[in-house]
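S.K.: Chains as they are written, first to last, in our numbering: chain A, 1 to 354; chain B, 1001 to 1283.
Quick caveat, the hints were computed from the structure, so don't treat them as lab data. Hints may contain errors.
Claimed, not checked - Here are the simulated distance ranges between beta carbons:
no.	chain 1	residue 1	chain 2	residue 2	range
1	A	97	B	1002	53 to 61 angstroms
2	A	200	B	1073	22 to 30 angstroms
3	A	97	B	1229	42 to 50 angstroms
4	B	1132	A	56	51 to 59 angstroms
5	B	1057	A	97	19 to 27 angstroms
6	B	1229	A	143	18 to 26 angstroms
7	A	143	B	1049	23 to 31 angstroms
8	A	136	B	1085	40 to 48 angstroms
9	B	1025	A	188	35 to 43 angstroms
10	A	343	B	1025	45 to 53 angstroms
Said to hold, decoys possible - Far from chain B, by Cβ distances over 10 angstroms, these chain A residues were calculated:
no.	residue
11	44
12	99
13	121
14	243
15	291
16	301
17	323
On a predicted model such as this, the values are computed, not experimentally measured, just so you know. Here a beta-carbon is modelled for each residue, glycine too, at the ideal position from N, C-alpha and C.
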Amino acid sequence: MIKNILVSLAILVAVTACQNGAKSTANDNKKVTLTAAGATFPMPYYNLVFKKYTKSQGTLLTYGGIGSGGGIRSLKDKVVDFGASDAFLTDDKIAEFSAPVVHIPTCLGAVVVAYNLPGVDQIKLTNGLLEGIFMGDITKWNDAKIKELNQEVNLPDLDITVVFRSDGSGTTFIFSDFMSKISQKWADAVGLGKSLNWPVGIGAKGNPGVAGTINQTTGAIGYIGSEYALAQKISTALLQNAAGNYIEPTIESISAAAKGEIPADTRVMLTNSDAADAYPISGFTWILLYKDQAYDGRSYAQAEATVTFLDWLISAEAQAEAPKVNYAPLPTKAVTAAKEILKNVTYEGKAILK
Amino acid sequence: MKSENITKTLLLIASVIVVLISTGMVFSLINGAIPTFKEFGLSFIWSNEWNPTEGNENYGAVPFIAGTIITSMIALVICIPLSFASFLFIGEYFKGTFIANTLSALVDLLAGIPSIIYGLWGFYVLRPFIVELGLSPQGFGIFTAGLILAIMIIPYATSISKEIITMVPNELKEAAYSLGATQFEVIFRVVIPNAKSGIVAGFILAFGRALGETMAVTMLIGNANVVPDGLFSTGNTMASVIANQFGEADGLKLSSLIAIGLLLFVITGLINGLGKFIIKKLS
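Just chain A, same shape as in the assembly (with noise of 0.2 angstroms):
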């Protein structure tokens, strides 16, 4: 009896199996998949607008959200059609790829500075201040610096607790990049990466720790990824831009930083805008990908339907589709620039954009 069972289901498997194979094998010659993996900041926005392509164009995309080291890597080791990465890629990171890699930029986020202040709406925080704070320099909250700038609001006697990320991360190297622009002493006692090392604080694992550890900690303040914030409505710091305003972070303001000059392969830190109305702390996220397609016998079909995506997901219908998962989309210039550096990409030296 149970071997009567055990053959029927060995049969029902095989069969299964069988049919399986013969489905995907199908499919395979109608549709090319695209293999994407890296970073996890623009990961909600790429889920959206990669199934909305997927949807309408039939091409099928995945994406892993290992971070940006591991795009990189993935890419360097071409196991993937194209790479994400929230930090651009110097020269000489570039010189270790077998071959030339080009940037697109794809959307803009934000860092912004979070706090747990009971009873305290909204605090204005100068570069001065910030950099005192994550120094370690204040350590009150009720500190007659901060003090002296937020009159209006009742600063409580609490320690200073700052929160920072533990894992290695793109929001960690926007800020730090920042705070190098605005801060000789950081520069020289933290300096600019994806991790550092930290004068005072807490470690806790991506933005969801960071927010949560904030949350749990009176008197906590840390710095968080804009697309989570915004998302979850977390009481943020309004910081103080080049021009000297105090701006909020809103889709609007983190745009505006890319308002001004963007150098042609696009490969520019965006914090501390000089436009008016510019959030100091944003920054591009990139999707990398080798500048000549045809490598380690890549079919023209897959290096065609690679550019044929990303010259959609620059796009206005893609770009759209940015604030609803609160990223910022491409202003026009970095719109242009992402096109040509798009036509340039080659397969076996011809373009493949018409």
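Take the given structure of chain A and dock chain B to it, following the hints.
M.R.: Chain B alone, transformed into the frame defined by chain A:
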């Protein structure tokens, strides 16, 4: 082929695979750690600076070795009396009673809880409690992490030790009782001396678990890459820094993380070896 031969071949293949996997792991760890040891030499092991900022890159393992050993020691110190009491309660004083069986089932249940749940509980309950007690302004740190580790390893030490002491031959105990020994004397003169190697093994296994525990620790230790300067200061452990940082790491940093992994492997191996040695000495 006879079924006996088939079994023999299968067993051989299985054991060869185990050997291959462990040597492969050691090999790839060493291979990945080479750039770090080339750059810093053996001083990587006793340097206490961890600076991942590009341009000033400097890696040393001391903050993490210290964090790992200290948290695990705190855990062990708290674990020993508590699990000693519970395994005596379950395995000797109230052996076979309803309350002992319930307690025993609960201890086994504790051992089966995934570490992330301990982490969550630690984050939302234990940490605010530490703040409430006024021990630390924000509750993160070495002590909190050690405390959660203690709670996690108690069931391991307890259930192994309980199994061991119930295996002590009844004849021995009865003989001691017939000579007029009290229950206390039977336990400390007969049961524990008979079971001591097993009990020690249980504590060593528990200590090993504390060394490698990642998730719950990372949520409570504060993740500051410095050598802790007090019981309530923040720190980091070897497993936790690897879990936190490997995603975005490359080059020298990645190699340093792998080197920390190698050191953790070596430390765990040493502890296990020491445990085996102690067990041999005691039995």
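S.K.: For every hint, state whether the structure bears it out.
M.R.: Here is what the structure says about each hint:
1. Hint check: residue 97 of chain A to residue 1002 of chain B, Cβ distance near 57 angstroms, so the stated range 53 to 61 angstroms holds.
2. Between residue 200 of chain A and residue 1073 of chain B the beta carbons are some 26 angstroms apart, a value that agrees with the proposed interval 22 to 30 angstroms.
3. With their beta carbons about 43 angstroms apart, residue 97 of chain A and residue 1229 of chain B fall inside the hinted range of 42 to 50 angstroms.
4. Range check, residue 1132 of chain B to residue 56 of chain A: Cβ separation about 55 angstroms, and the 51 to 59 angstroms hint holds.
5. Against the hinted window of 19 to 27 angstroms, the Cβ-Cβ separation of residue 1057 of chain B and residue 97 of chain A comes to about 21 angstroms, which satisfies the hint.
6. Taken as a hint, the range 18 to 26 angstroms holds for the pair residue 1229 of chain B and residue 143 of chain A, whose Cβ atoms sit roughly 24 angstroms apart.
7. The supplied range of 23 to 31 angstroms is met by residue 143 of chain A and residue 1049 of chain B, whose beta-carbon atoms lie about 30 angstroms from each other.
8. Residue 136 of chain A and residue 1085 of chain B have their C-beta atoms about 43 angstroms apart, which keeps the hinted 40 to 48 angstroms range intact.
9. Between residue 1025 of chain B and residue 188 of chain A the beta carbon distance is about 41 angstroms. The supplied range of 35 to 43 angstroms therefore holds.
10. A hinted range of 45 to 53 angstroms holds for the C-beta pair residue 343 of chain A and residue 1025 of chain B, which are about 47 angstroms apart.
11. Remark: the non-interface label on residue 44 of chain A is consistent with the geometry, its nearest Cβ contact in chain B lying 18 angstroms away (cut-off 10 angstroms).
12. The Cβ of residue 99 of chain A sits about 18 angstroms from the closest Cβ of chain B, beyond the 10 angstroms cut-off, so the non-interface label holds.
13. The beta carbon of residue 121 of chain A is kept farther than 10 angstroms from every beta carbon of chain B, the shortest such distance being approximately 23 angstroms.
14. For residue 243 of chain A, the condition that its CB be more than 10 angstroms from all CB atoms of chain B holds, with the nearest at approximately 29 angstroms.
15. Taking the minimum C-beta to C-beta distance to chain B, about 21 angstroms, the non-interface status of residue 291 of chain A holds against the 10 angstroms cut.
16. Under the 10 angstroms C-beta cut-off, the non-interface status given to residue 301 of chain A relative to chain B holds; the minimum distance is some 32 angstroms.
17. Its beta-carbon lying about 27 angstroms from the closest one in chain B, residue 323 of chain A satisfies the requirement of being farther than 10 angstroms from that chain.
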